[in-house]
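Generate the whole structure from the sequences, applying the supplied hints.
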Amino acid sequence: MPEQTFIVNGERVTVDVEDDVRLLWVLRDLLGITGPKYGCGINVCKACTSHINGKAFNPCAVPVGELADDDEVTTIEGLPGEVAEQQRGAHGLHPMQEAWLERDVVQCGYCQPGQIMAAVALVNRVKAEGRQVTGADLDTIRNICRCGTYTRIREAITDGASRM
Amino acid sequence: MWFLGRDLSLGRPPGPTRSGDSVPDSRDLHDPRDAHALEASPYAVDRRRFVGYVLAGATLVAAADLVLADAPPAGAAVPTLPQPAELYDLNDMLTDAARPTANLITVTIDEDGTASFELPRAEVGQGITTSTAMLVAEELDLPVERVRVTLAPARPELLFNQLTGGSNTTISTYTPIRVAAAVARAALLDAAAIVLGDTVAGLVAKGGVITARDGSSVTYGELAVRAAGGAGGRAVEVELKSEAEFTVIGTPTNRVDALAAVTGQKDYTTDLAVPGALPTMVCRAPTLNGTPVAVRNQAQVEAMPGVTHVAQVSTGVAVRAATFGQCIDAVRALDVVWKDGPVAGESDATILRKVRAAQLPMPALPDTPLAQTVSGDFTFWFRSNSPMDTNSAIADVRPDGATIWAGLKSPIVAQQRIAERLGMSQDRVTVNVVTAGGSFGRRLFFDGALEAAEVSQAMGVPVKLMWHRADDARVGRTHPLGTCRVQATVSGSNVLAFNQSLTCVETDFRHGLGEIITAAAADLPAGVGNLGFAETIFALTQEVPYDFGAVTQTLVETDDRFNTGSMRNIYSPDVRVASELVVDKLAAKMKMDPYQFRRRFQRNERLLKVLDTVAQAGEWGRSMPAGTAQGIAIHKEYKGVSACLVEIDTRPATTGRQVRDAVTGPRVTRVTFAIDAGLVINPRGLEAQMQGGINDGIALALTSSLHLRDGHFLEASWDNYFYTRQWNTPPDVRVIVVPSEEKVPGGAGEAGVAATFAAVACAYARATGTMPTEFPINHRTLSFEPKSFVPPIPQSPVNGLELTS
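In order, the protein sequence lines correspond to chains A and B.
Numbered by our numbering, the letters in the first sequence go through residues 131 to 294 in order.
Numbered by our numbering, the letters in the second sequence go through residues 2 to 806 in order.
Please keep in mind that the hints were generated in silico from the structure rather than gathered at the bench.
The hints are all genuine.
Over 10 Å on every C-beta distance to chain B, these chain A residues come out as not near it, computed from the model:
1) Val143
2) Ala214
3) Val263
4) Arg293
If we take Cβ atoms under 10 Å as the criterion, some of the chain A residues that face chain B in the derived model are:
5) Lys167
6) Cys170
7) Ala177
8) Ala186
9) Pro189
10) Pro193
11) Leu223
12) Pro243
13) Ile246
14) Gly265
15) Leu268
16) Ile274
17) Cys277
18) Arg284
Source: prediction; values computed, not measured.
Think of the CB as a built atom: it goes at the ideal place given N, C-alpha and C, for glycine as much as any other residue.
In structure tokens, the structure reads:
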């Protein structure tokens, strides 16, 4: 069986598995990293949203064999590590996670790791363009939440952006 | 013979120490054989004084009877349920009566100073672990973060008392949980008095520390063992705090599980690591509920990478593999001979015709000279209650017993049905309740758990079963298709009569009231039993909250071939939409403003208050551009009342927005929602539930439905089933929790849906000038390309690295 090597949450890992197995299952079923959730398996619901080299992506749609040895995958478990220690909040978490806690966004919580990872990438993108997050930006978020926590998600992203 | 008269419909036990000296007279308060005994617990000494227990044990375990209540329980108004005696005989009762702690819930004080409580309900996102921790914290004078609430496994001795449904958790557990906590506090104070050499009256308990007059103190943790019941338990009479003393109840509190959720540490069923339980999926038939006949390529699929087992089961062909990705590959590779399901060849149109044919004539309207009739006739298409976390369950079935893990709202029935399926006695099946990623009614049933048990038995190995999203959408439970007709008679400025008739595909209530005795009654031949439950639930939930003279509401159900169930708020969303649209027509007929019309015909002070609140806060009647409009609606249920005022934009610039794989359409731009939910435990949680219900109501009105074509539902994922998304959700949402005069809690989980759905429908009608008659309004337009049925699930894409953002 082929060996797959990449970096996840700052740690280099090597897994024996076929090239075509999607990264989501490698993370969840083989590495026990369960923060990224399954919600559709076809890159529609975005519950598995994580970061690759700092950008949002969906591991359900990436064959593990496409990863290079030095590709850095960050899941919700590793998100605090994307910011310097002094930028972390009261719980030692990424500013967006702290905003999420303060706004009490979560209901069932299942989609929320993906929501947070998407939110961080959105804010990074908007900031790189030198502007503030707008309602129109929030409207582009594709992550579905069946509990309907959208109102607080919008508030938390605005709050989190100001902390980032 | 007190216990012979024990009211089994409420699961009330004699209690372990009923003969204890401390409660000599409580049995005299009520004759349990008397129907009036339903109105209060025999344990209630007065409104705030109750008896609980310190149980035998090495650490402090305080207990209360789960059916304690200081208000009429919801069940008190249930005259038409099957009488328990017909279903549950003296021998069964004696068996249960022999279990001394049968119906108790317990608060345990641990040596680390925390309190633990096992909640016999399911947390599915509605926030009951948080509100429960608050109740315990309140009576124990302990910080909320030092209360650990976990979910109890199936406890058959709880009878009817382990069902999570009907937004009933807080209503039914508000008193007993506080009593157990108060008993623990009393026992801690007693123990502290000895340790500190003071009297209980001289002690102050705060933050988990008890301090004496001389300033010396001792912690709950230090007292946990000393306050324990030891070899024998005892009854303790306690007085609950008055509302004026509340410092936790009513204070906005963040969820106790939020930190775990935002760090990816909150575990759902598929996140659990049970040894040997490898990923498992089921290949399903191309028609709904079709069944497998033979597998043509079993050996070939068994040889695929990662695959360990292939087994034909009653619902399809199961595959087990090292990863779910390899399960998807195997399911797609299977070549199976299928027998068609019971609705093969049927479609929306044919089912609607059958429902129409089942409609009964509307009741006769008053025959008054000058009276005019105002009517409406509405169609509500099938909808899905599929949550984010699909049906999933872990099952480890061995020859001598089975263990199940799943998110279950009726775990006792699940345990019994699984035992039946496995051919085991019930006590051989352990059913663990796992926090679930949403329910919306879906987890009242246990389809995944039952299937996982069958698969594990067939394969002889543990399995972690997960339904593919396509399975969850197509084969999972639905809100039934139905019609709702309304006829009202108007004479001058009066409404003389209001008749409403709902006719729909059967709603499955075969989970009963959480216990197989009632579930069996719901399963009597020819749907007779289930109809009784459906009628009862309809009758107990529906009302027309206006002064409309002679009011009649009826329900007719037909066609039991579909996988249906209660979807968040059950019948109310459809019934209230039909009502409120006709209310707007009545207002127009009388040339009255919709808000003023609702005020004029309102008889309930609480409803008037929430109605006035949204009208003021939401600026009812403000000037709006053409193509946009306001809509207003009310609802009354779960011991609470709500009103919703929305603004909608139906202008082409909005409806013409292009978002890929999505439905845009009209947008609700502003929502003002007011609720009086009685005594509120956690205002922040209540607000969250309303916000969620608002998004559900919008989806039901505008975008979300299932399409039945040629014997199967077409929707296979979230790019087919259009639940509210960010581009649909209102940018401006305001939820107002109205101060309540009520002394007891109401329900929250479902209360946001009906009024929102109705207000959106009314707003849409006013914005477009046309009253919609079908919901969701976009149902006739199929907005996606259906995915394949053979294979039954789509393959995962491979282009994810091209789509980074």
